[in-house]
Structure formats: structure tokens, C-alpha cells
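J.: Okay, here's what each chain looks like letter by letter:
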Amino acid sequence: MKVAVIQLPGSNCDQDALFSLRNDLKVDAEYVWHDQHDLTGFDAVFVPGGFSYGDYLRCGAMAARSPIMESVRQFAEEGKLVLGVCNGFQILCELGLLPGALILNAGQKFICQDVYLKAENRTSPWTRSAEGVLRIPIAHGEGRFVADPETIQQLEANQQIAFRYVNQQGLLNQEANVNGSMGAIAGVLNQAGNVLGLMPHPERATNPIFGYQDGLKILGALNPCLASKESLEPALAH
Amino acid sequence: MTSFAPEVYQGMGLRTSEYQLICELLGRSPTYSELGMFAVMWSEHCGYKYSRKVLTAFKKYKEASEGDGLENAGIVPIGGGLGVTFKIESHNHPSAVEPYQGAATGVGGILRDIFTMGARPIASLNSLRFGPISGSTTPEPIKARNRYLLEHVVAGIAGYGNCVGVPTVGGEVSFHPSYSGNPLVNAMSVGLVKISEVTTAAATGPGNPVIYLGSATGLDGIHGATFASVDLDEESESKRPNVQIGDPFAEKSLIEATLEALKTGAIVAIQDMGAAGITCSTVEMAAKGKVGMKVNLDLVPMREPDMEAHELLLSESQERMLCVAKLGREDEVLDVCKKWGISAAVVGYVTEEPRLVISRKGVVEVDLDPALLADMCPFYETVTAESAEVGEARSWNGGLDHVDCHKLLIQLLGSAELGSRKWVYRQFDSQVQTQTLLGPGAGDAAVLMPRGISSGVAVAVDGNGRQVWLDPFTGGVNTVAEAARNVACTGAKPVACTDGLNFGNPENPHVYHQFKEAVEGIAFACERLNTPVVSGNVSFYNRSDFGEIIPTPIIGMVGVLEDGTAALPSSPKKPDGLKLGCIQVPLETDLSWLGGSFAVSFELGQELGTPIRADLNGEARLHGLLNQLALEKRILSAHDLSEGGMATACAEIAIKANCGLHLSVSSEFWKAKSEAEALFGELPGVVFVSYEASQVDDIKRLCDDQGLPFQEWGSFFGTELVIDWNKNTWRWDISRLSQTFDSCLDFDQMLS
Chain A
1 MKVAVIQLPG SNCDQDALFS LRNDLKVDAE YVWHDQHDLT GFDAVFVPGG FSYGDYLRCG
61 AMAARSPIME SVRQFAEEGK LVLGVCNGFQ ILCELGLLPG ALILNAGQKF ICQDVYLKAE
121 NRTSPWTRSA EGVLRIPIAH GEGRFVADPE TIQQLEANQQ IAFRYVNQQG LLNQEANVNG
181 SMGAIAGVLN QAGNVLGLMP HPERATNPIF GYQDGLKILG ALNPCLASKE SLEPALAH
Chain B
239 MTSFAPEVYQ GMGLRTSEYQ LICELLGRSP TYSELGMFAV MWSEHCGYKY SRKVLTAFKK
299 YKEASEGDGL ENAGIVPIGG GLGVTFKIES HNHPSAVEPY QGAATGVGGI LRDIFTMGAR
359 PIASLNSLRF GPISGSTTPE PIKARNRYLL EHVVAGIAGY GNCVGVPTVG GEVSFHPSYS
419 GNPLVNAMSV GLVKISEVTT AAATGPGNPV IYLGSATGLD GIHGATFASV DLDEESESKR
479 PNVQIGDPFA EKSLIEATLE ALKTGAIVAI QDMGAAGITC STVEMAAKGK VGMKVNLDLV
539 PMREPDMEAH ELLLSESQER MLCVAKLGRE DEVLDVCKKW GISAAVVGYV TEEPRLVISR
599 KGVVEVDLDP ALLADMCPFY ETVTAESAEV GEARSWNGGL DHVDCHKLLI QLLGSAELGS
659 RKWVYRQFDS QVQTQTLLGP GAGDAAVLMP RGISSGVAVA VDGNGRQVWL DPFTGGVNTV
719 AEAARNVACT GAKPVACTDG LNFGNPENPH VYHQFKEAVE GIAFACERLN TPVVSGNVSF
779 YNRSDFGEII PTPIIGMVGV LEDGTAALPS SPKKPDGLKL GCIQVPLETD LSWLGGSFAV
839 SFELGQELGT PIRADLNGEA RLHGLLNQLA LEKRILSAHD LSEGGMATAC AEIAIKANCG
899 LHLSVSSEFW KAKSEAEALF GELPGVVFVS YEASQVDDIK RLCDDQGLPF QEWGSFFGTE
959 LVIDWNKNTW RWDISRLSQT FDSCLDFDQM LS
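Chains as they are written, first to last, in the numbering used here: chain A, 1 to 238; chain B, 239 to 990.
With the rest of the complex left out, here is chain A:
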């Protein structure tokens, strides 16, 4: 497994993603600069968080028009694994690979804190290992997922809702839905299930030394050897 970590001007979680993949997930990962066109040799794509192009126009809008993103679209259409985290999620929405949009948090302010997540879909490669309630940090100002009612219905019907914000006990409530997302949606899949967009940061949650390990349950999709629960143990012991 070799993962392309897309680097855009203004990306700031690119290094975190690369080192999480290499050091904690034990998979091969390389940066790919935004002006490239070629994803040959890669098995998965990670679009990291940050403020691509300063998010000055509309978050993700400029980045979605980068040369590399056309290749990412083709890559996704071939059924290969694509993950967009935070700004990466916003970019994948702007690219049209995922439905909906991310707007200013309901509280109007940036929020950095831990959230609890529950996987709704349990069949996609990204959510298969996501058992129980996951504790993962968020850090975003514009993470409130919105879509028109028909889209939300379709997402529900097609099992495209990957994760929802819940409380520590795994229950939905208003307080747990920190940014006011529709349906408390924290992450969505494309119809085929190979593309995931996620506001929380799994790459910040793969090393117990820093207090988190539940990110492994999502990013484990990139290392089949680590995907089963038993084989997660060596990584957790790191």
C-alpha cells in the first residue's frame, strides 16, 4: 500500500498525515505537489487539512481546481481509496466527489476539542473497523455539514453517512453535535464507499503517547494487516 498525501499551498496537516501513515500505520506514504497530474503507483490518496489558498474564496474552492485534483477524481472513479480530512473534506465536496457542503460552525467560531463519533455505515473499507464510540479531535471553523433535504435522504438511503457526532455513551444529542451539522453528520462516503470525507482528524489520533488511538480504526483501511482488531494491538502498543 502506497498513499499519496496531496500538498497544496496552505495545507498544514500534510506532515501530520504523512508521519501518522508512515510511523503509526506502517504504510508507505509520499507527498504529491498540487501541480502534478500523475498518481501512478499510488493505491490511495489522502487530502489533508489546512487552509488551502487561505480559504479566501470559499473553503476548498480554489484547491478543487488544482491540476492534481482532476487526477484525484479519476483515481476515485476507478474505485481506489480516497480520504479527505477537514479542509480535504471541503475540497472533495467542492470537487463534486462528495455531496453537500461545509459551512461556518453554528457557534460562528473555530472549535478545537475532542469529539465522539459513531460509524453509521459499517460496510465501507473506511468504516469496517470503526467499532464502538471513537474519540477523535476536531479543529475547524467551517465544519457544519449541510445539504438539501433530498440529498440527506439519499445519503441515509444509500448508507453514505459514515460517521455522526455522538456523546461519550454513543448517543445523539444537540450538545454532542458541536458544529451544528445536519443529522450530526461528521463524515460522508460516496455511493461506492471508496471515498470518505471527514471533519475530525484521524491522523491526529494514531499514537497513544499523545492521548489518542481511535484514528487507527479509520486509517486502518490503508493497512489491511492492521485492519482487524487483533492486529491493531502492536500498533497500539507503540
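Among the hints, erroneous ones may be present.
Said to hold, decoys possible - Listed next, the in silico SDA-like pairs over lysine to any residue satisfying Cα-Cα at most 20 Å (straight line):
(1) B:Lys576 to A:Trp33
(2) B:Lys909 to B:Cys643
(3) B:Lys811 to A:Ile209
(4) B:Lys577 to A:Tyr31
(5) B:Lys381 to B:Phe784
Quick caveat, the hints were computed from the structure, so don't treat them as lab data.
Fit chain B to the supplied structure of chain A, relying on the hints for placement.
T.: Okay, now just chain B, sitting in the frame of chain A:
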């Protein structure tokens, strides 16, 4: 050349005597551009004209300013060939008139100070001061203005800091009526650098190209450094256009481009363009290298094509750097900039003769020895005199005998001064770069573990204007001791610090007294704790129509913990069944523990009493002890007694642990003279540690070895905080305390 009328140079902040000196040094009248350059380079902000003599109290600063220059002084080795560099800087005046951009550009400016040394910024912190936002003694419009300033300063730090991808891991916020109209916004940045790759700002190599990189130059921030060097008044609002506008996206690209360009080896010297932009960078780089520079301003990337020479020279447009490359290798630098989408241009070259020659549209606008601007700034000293008011306030030695201690703790925890800072730090990305072991609110200091190494870097900022106002020397000592103790509570050994010195108008004898005494106190403490001041910033003229600020030196302390995974939080993660003990630096004093305390200010509405001076030898032993206890994993948390006293500290521990805490304190050990003193007195050198019951004998032995009294006070269980002292018992419900603690800064409610 014609000479200038007094209105012209006085309008730029120069005195007649200074203008005469300029004419004398040049042997002629300056050009308009040169006059502007002298005004900024000789402002307090750049020239340190009132502070330089006093700052020689800092030994490291003295060595550095007499030796290789300050830039190399600020590196602290942390092992593995790596070092950390750090600095604090104020952006008070811009934040007073335009809080969002003032604070944002404060963050950007200090980051550039760090990466210009070849260091990658790994953490930001901030220290903020505002006028009251609640309470009945401040008129509502003033409170509303203070809330506006707080909200927008925090938003500015968040907007900039989050975007550049440097975690904001810690800080402090404090309130006092004297900050209404003149808030303090001090930003600190910490960088990580390979010691062998530290850069220099000294330009060398005649013929080497001078390269401008970063954002284009516009008309913003002209005379910003001069603005920083006068009192604020009604006119200040009109200076709003003087405040620079930040572009954090440009900064992020500039960080990456600079670090990548430095890796090519093509860069000889580099400096950020901070205050006074092109002026300061060309002058200082040439002066440091004892060379000259020929610069053609026509080549500078401009936002507006018709900018005049003096505007280009004085603009404080943000996100710009100046470097000198090796002749023939300039394309390597330009290519990196192109990759990152930032503009870069060769604007001149280094010359052997130490003359700075700057032209615009074919006309030589500046032609002088850069050393005149960099080194010939006149220094001033003011006579020092303490105001009678302070001496009287300090003579108070009371005990707050009348207060209801039960109620007072609830009030203190619910005050803006001592309540939870979650509303603030939740807006900051504290985890990006995934190196944060202890983020905001988790420990007495933040702790990072940079990738690739196993040691932890602890950082804290602290300041206590109330104590410094009452007794500047002791206040200075205690500020250092408190910052160091905060670092030590994580288990790290404090190693060095940076200072942000915020004072009023130094031309007033009582302010100069405060400044001199406080600096001497800081220097005294740093020497004894072996934590040299390696960098710093002076901000004078913090005075508005509301009066002068209380003197507020801020210390940013850095420590190293050999094993980062041993870092201690301030409260145990799994508290049930654990014990809490108290370690004390022994202090014999007749003074009331309440002297200079927050409890007194809160109850009586003014600063009173004499703060008790920390025993620095004892503090140093305490640091070593905590380091050992942490590394041997004998204790699970440590939190020091600071503002609000023992009751506040223990309540904070219980609230954070979300668990009851039952304490029985012997009056033999805790020798306070009244109940309020016992609970709210601010005795320095006191730390509360939690541990498994089985560790108590070893902890006690290790404390004894250091001559530091230790006593077990109680256990974690139940739902109440119970403190038993000298036949008194107080009980508080933890959930009630939590609610009060969490709601004090709830702006989303306060603003709605």
C-alpha cells in the same frame, strides 16, 4: 539640502536634540526618506533608547549585544543536535485600535522572528490583558468595549495562528481596570532548529545579491514603530489605518519557502521585515555584517505602482523577508519562492564600503552609513522615584478577617480572572503538527514532544501586574519563579526564558522606577534559577485616557523533560483513591500571605500589601525534585499555588479531575494567621501533587533530602471539596464549583 521644520520631525517622534544629532552625524540635513528612517530606527520600539541600559542587567543579553549579536543568543540545546529558540513580542497599540488585525499581525511577526533563524515554529503562546468585562465598578460601555477587544483579539490570534499551522498551546488572560483602553497582547513563538543550521542576519560578501521575498509592499503600517512609541489618546482611533493587515496564508507559504530556500545553502544571511520593514532589515543586515548595500526600490514588488521612496522604506506590510544570497545562486532562492507562489526579486547587492545607498526612479534617496541608524541611537535614563501611593498600599498587612471564605472561593472561581479559559483556547488549534503532549488547560505548562526525539519541551507564560505594581523587584522575582514553577510542575527542568516588558511612559520617574526594579528582579531570579533571559521585547507608553497600565512584565519560560512521556498534568486523569500532598519551599515571614493577592484586589477593589518574595534556592531544589518525581513516575500530577491561593488551586485540581477531594491540613504545617490567609494567601513555592498511596514514603524521603517540607493532605473520593484547617471545615459541591468555573468567560452567552 533644506533643513526640516520642527513639526515635521516631531510629527515622526524625533526630538529637536535628536534631529540636531542626525544633522551632525550626517554632516548635512537628512533627506525626507532618511529622516523617516532615523525616526523609526531611533524609536523606543527599534532603538530601545530608554531600556537598553537597564537591560544590561540580563547577562546573556549583555554578552550577546557585545558579542556576535543577539540572534545567536537565543538557542537552547535540547539534545540530538537540536535546539529551541523562542521569543515574546508585544502588539499592544495596534490591538487597542484594531484588535483583530493587531493581534493577528502580532502572531505573524513573532513567527517570522523564529523562522528567520532557520527554525520551524512548533508552538505559539499568548499573554493577554484587558480591562474589566464584568463587575459593578466599571461602567457598562467600558465593559462592552473590553469584551469587544477580548473577543476580537482572540479571534485574530485564532484566525492567523490556526491558518499558519502552528499550534497555540498555552497562554494566560488577566484583567485590571488599568488595561481599559490599552490592552496588552503579547505573543510568543517557539521554534525547533538544528543547531548547526542556525542562520545569521549579518550580510556579507560584496557583490552578493539582496533578495526581497514575500508579499508585495503596500501603504499599510507606515510609522507603526513610531506609533508604538507614544501614549495612546483620543487621536489613536485615527491611527487605525496605521495597523497592518495580516495574511496568514502568505505567512504559511513564506515559512515553507524560507525553510526550503535555506536548505539549498544558497542563502548567506536572512532577516524578517518587522517594524520599519525595508528600513530595518537593510540597515540591520548591513550594520551587522559591517558592509554596505545598494538597493533599487523600483525593483521591490509593490501593491501600488506610484509609491514613494519613504513609503516603501517605512511600510510595515506583513509577511516579507530580506535575504542575501551567494552570487550566482540567486535563482535557487527565486525558484523555491516560485514553487510556493510568493513573489521574490533581486533588489540590490552588498557593497564593501559600509554605505547604504537606496534609490527610487533614478534618484538617490538615502546615502549613509547604516551604523548611524543601527548603533548611534541616543540612550536616555530617567530619574527614578517611587510614587507615594504605592508605598502606602504596600504597608497594608491585613488578613481579610471579615470575609465569608466559603462564598469567596465560589466568587473567585467564577471571576473572569480565575475562571476557566476554555472559551478562549477552544478557538485555537492546539494540536496541529501532532507534537502536543499537554495542550491548553491540561498542565501548569504546555508540553510538546517534537517528532524524532523523546524529550519533552515545556513552555509557559506568566505575569502578575498586581505584585509588580506593589513591589517591582519582588514582582519581577516572583514572575520568573512562577513561570519556572509552572514549567517544573510538568516535570521539566526550566532552562531559559524570554521577557515581554510592558510598562507605561518611561519618561515618568515612577514608571522608570518600576521598569528598572522589575528588570533587576527578573535578572536576579534568572541568575539564581539558571534560566537566562535569551530574548525579549520592551513595550513602553502603555497609557491611555484611562490612565497608565500597572507594570506588567511577562515571562515566557521553556523547560526540558528528558522523557516526554513522563510529562505531568495539573490534575490526575484517574483520580479515584489517589492521595494529594503538599510540597513547600520553607519561608519564614511576618508578612500577610494575602499581600498582593488576587483575593484582596477582588474583595477590597485595590492592590494592597507586600508580596512575599520567592526563595530562589528553594525553588531551584523544588524544580529538581519535581523532575525526579516525574521521571521516576512517583507522582501523577502537579499543580502550584498561585493566584487565588490554596483553596483555588485545590478546587482547580478537583474540578479538572471531576472528583471529590477531602483535605485535612494541619496548622503546624500550614502556618497562616487567619482563615482567609490559609485559603487565599499567595505563598510562593507551594506545589500540590497526587500519587498512589504506596508512594508516600518515597516521596517524603525525596522531599526531606531536598529540605522541602512535605505533608499528605488527603484523598480523592466523593463529590465534594472539603478543606479542614485549624478547627474550621469548609465544604463545596464539585459540580457547583465546576459550573461557576466554566461559566465565567462564557462569551457566547455574555455577548448574546
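J.: So, for every hint listed, does it hold in this structure?
T.: Hints versus structure:
1. B:Lys576 to A:Trp33: 13 Å, holds
2. B:Lys909 to B:Cys643: 17 Å, holds
3. B:Lys811 to A:Ile209: 14 Å, holds
4. B:Lys577 to A:Tyr31: Holds: Lys577 (chain B) and Tyr31 (chain A) sit about 15 Å apart, inside 20 Å.
5. B:Lys381 to B:Phe784: Holds: Lys381 (chain B) and Phe784 (chain B) sit about 13 Å apart, inside 20 Å.
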